[in-house]
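Student: Listed below are the residues making up each chain.
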Amino acid sequence: MASIELRELTKYYKQASTTVKAVDGINLTVEAGEFISIVGRSGSGKTTTLDLLGLLLRPTSGQILFDGIDTGKLRDGARAQLRGKKLGFVFQDFNLLPGLNAIQNVMLPLRYTKNGKDGKERAANLLEEVGLKDRMHHRPDQMSGGEKQRVAIARSLINRPSLVLGDEATGEVDSETSQQIVSLMRRMNREHGVTFILVTHDTDVAAQTDRVIRLKDGKVLSDVRAQTDQTFLTSIDLQGVIA
Amino acid sequence: MEIIRNLTRRKLRNTLTISGIVIGVLALVTMGAMAEKFNALIDGGVAYFGGNIQVGAAGSSAFGGGSVLTLSTVSQVQQVNGVAAAFPEIQVDAKPGQSSGFSFGLPDYITAYDPRANDYSTVKTTFAQGRDVTSSGEVVLGSDFAVEFKKKAGDTIALPIRPPDAKADFVNHSFAVVGVLNKTQTGPDTGAFINLKDAQMLLQDSLPSAIRDRIDTTTLITGMTVYGKPGVNLDNLSDTINNQVSGVKATKPSTIVNSFKSGGAIFTAITTGAALLALIVGGLSVINTMLMAVTERVREIGLKKAVGARIGHIMREYVLEAVVIGAIGGTVGLLLGWGVTSLVNAATASANLTLFLVTWRLVIIAILFSVGLGAAAGIIPAFRASRMDPVQALRAA
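Chain order of the listed sequences is A and B.
Be aware that the first sequence starts at 21, since it is given in the numbering used here, and climbs by one per residue.
Be aware that the second sequence starts at 26, since it is given in the numbering used here, and climbs by one per residue.
In case anyone wonders, no lab produced these hints; they're calculated from the structure.
Now the stretches of chain A that chain B is said to cover, found in silico as 3 or more residues with beta-carbon under 8 Å:
#: 1; stretch: 69-77
#: 2; stretch: 98-107
#: 3; stretch: 110-120
As the structure is a prediction and not an experimental result, all values here were calculated from the model.
Every residue, glycine too, gets a C-beta built ideally from N, C-alpha and C.
Whole structure, please, built from the sequences with the hints as guidance.
Tutor: Below you can see the structure in the form of structure tokens.
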């Protein structure tokens with residue numbers, strides 16, 4: 021069963037007298053456990069698509085189905101609940117709370133999902149998995165960019181979500197750290213069976229995913245898959261995909 | 026814990042905001058303590074005068090007013106149907122000729138006192154030290170009176186107190202202090218209680234020397250306190266006394282009680298109104314601080330919404346933070362207010378000038394008000410935070 025389905029999804033914005041079609045009739049099916057990147061130029065609609073997938077925005081028309089549930093019919097409170105339990109987010113600039121240490125930041129989503137049983141133990145395990153066993157009690161200002169992003173990845177997984185959305189998740193780190201971050205997400209994808217959808221400008225990041233969806237003017241321009249689970253997309257596959 | 030961490034992130038700003046609440050609560054506590062002191066006196070007066078009938082000479086005021094009655098009038102009043110007991114009264118100034126200055130209490134007074142009246146009175150006095158007066162030359166002091174003149178059971182005191190500019194004919198007498206009463210927060214605290222014979226002697230001494238030897242005060246009283254039998258309406262009994270005993274004026278208890286209550290209500294309104302103004306200013310500074318906090322934490326709010334926080338969660342977090350600001354300010358303001366009023370009371374006790382009374386009621390009001398103010402002040406910022414669009418909040422600069 022498909023975990024996520026987008027049907028004729030649109031998101032239009034009014035700007036003065038014109039209508040901006042940020043997302044313009046996207047149809048997509050995402051299977052459980054996929055590791056996907058969404059690429060495209062600035063203004064292609066990839067961030068809006070991510071916001072729609074994250075239930076942070078309501079579409080102008082069309083449907084977003086999570087495990088068959090039409091999220092458009094849910095009220096704001098139920099969408100927030102679904103977001104907390106089924107979705108995880110990894111942002112470009114980490115978005116860690118400065119007053120909380122690493123383990124407290126990882127545990128933050130538990131505060132809103134009533135899913136806190138063994139929460140501290142789970143958070144500690146996740147931090148160990150992302151290689152921050154010795155940095156659990158450090159605050160964000162005591163950590164490097166790569167470490168902060170690993171905390172953010174641990175936080176995105178604390179509620180055992182079915183989908184993690186990455187918004188330029190490697191945009192604030194150097195290429196070596198970027199490589200480590202994507203590898204980590206790939207490992208989490210495989211070990212936890214969690215679907216990852218990464219919005220990125222970075223060809224190297226896209227090249228490490230199993231499926232690359234290219235958007236242009238709010239529409240899907242191409243949707244390329246790796247041949248097997250073990251085969252990453254080659255630079256030939258990506259030719260013309262990344263602007 | 027996160028709230029405390031948030032408050033320490035902007036130490037100066039939050040300290041200033043909390044200081045605003047501290048000043049407001051300090052004003053509430055000091056002004057409220059003044060009102061409480063006044064109200065205690067009023068309540069004591071209401072309790073005491075609501076339970077008996079003050080009888081004076083016809084044409085006198087409810088509290089004596091200078092006219093005198095003969096002692097035989099007491100037995101006439103006692104004959105009136107419905108009267109349980111009538112006790113003669115002679116009241117003289119404790120500090121004749123001396124201005125009592127500003128005081129929330131009654132000025133110091135000396136009064137004839139029959140210990141049996143305590144069985145009827147609604148304001149019961151108890152002893153902190155010693156015993157009741159049993160013979161002439163003995164005095165029981167009210168608690169403030171004893172503190173003012175630094176006397177305890179076993180000491181002696183010359184009554185009335187000699188004023189600094191005493192006239193040549195001023196006379197006073199030495200009394201043995203046989204007891205000191207516990208504090209009542211009302212009338213008895215500033216009294217000195219002697220027997221009727223001694224009071225008649227002091228009444229005679231208080232007369233101008235030209236007429237002093239020509240008047241026999243052993244048959245005179247300045248008034249009496251009358252207690253009704255159980256179930257008797259005292260206002261009606263006052264009318265009966267006025268109708269059946271000539272030359273007396275019995276004042277209805279309700280008349281005295283109403284005059285006390287109206288005075289108390291006006292004073293309470295003025296003092297609490299002034300304090301509330303100060304608190305509202307403090308509340309506005311909480312609103313300002315919390316609005317700034319919301320503006321600074323836009324991305325945090327966006328993140329929290331992204332990870333599942335609902336409107337109620339965000340509202341609760343911000344209101345709670347404002348409540349903590351209010352509670353900290355309220356606690357510090359209360360402690361400061363308690364300290365200031367205690368210091369002022371201690372400094373002015375020797376001048377019979379007890380201005381403040383910090384009651385549990387006032388403590389609870391101050392805490393509830395500061396917490397409630399914090400909560401109310403937090404609602405607008407919390408509402409703004411909770412309604413924030415998560416997409417815009419997450420990508421705010």
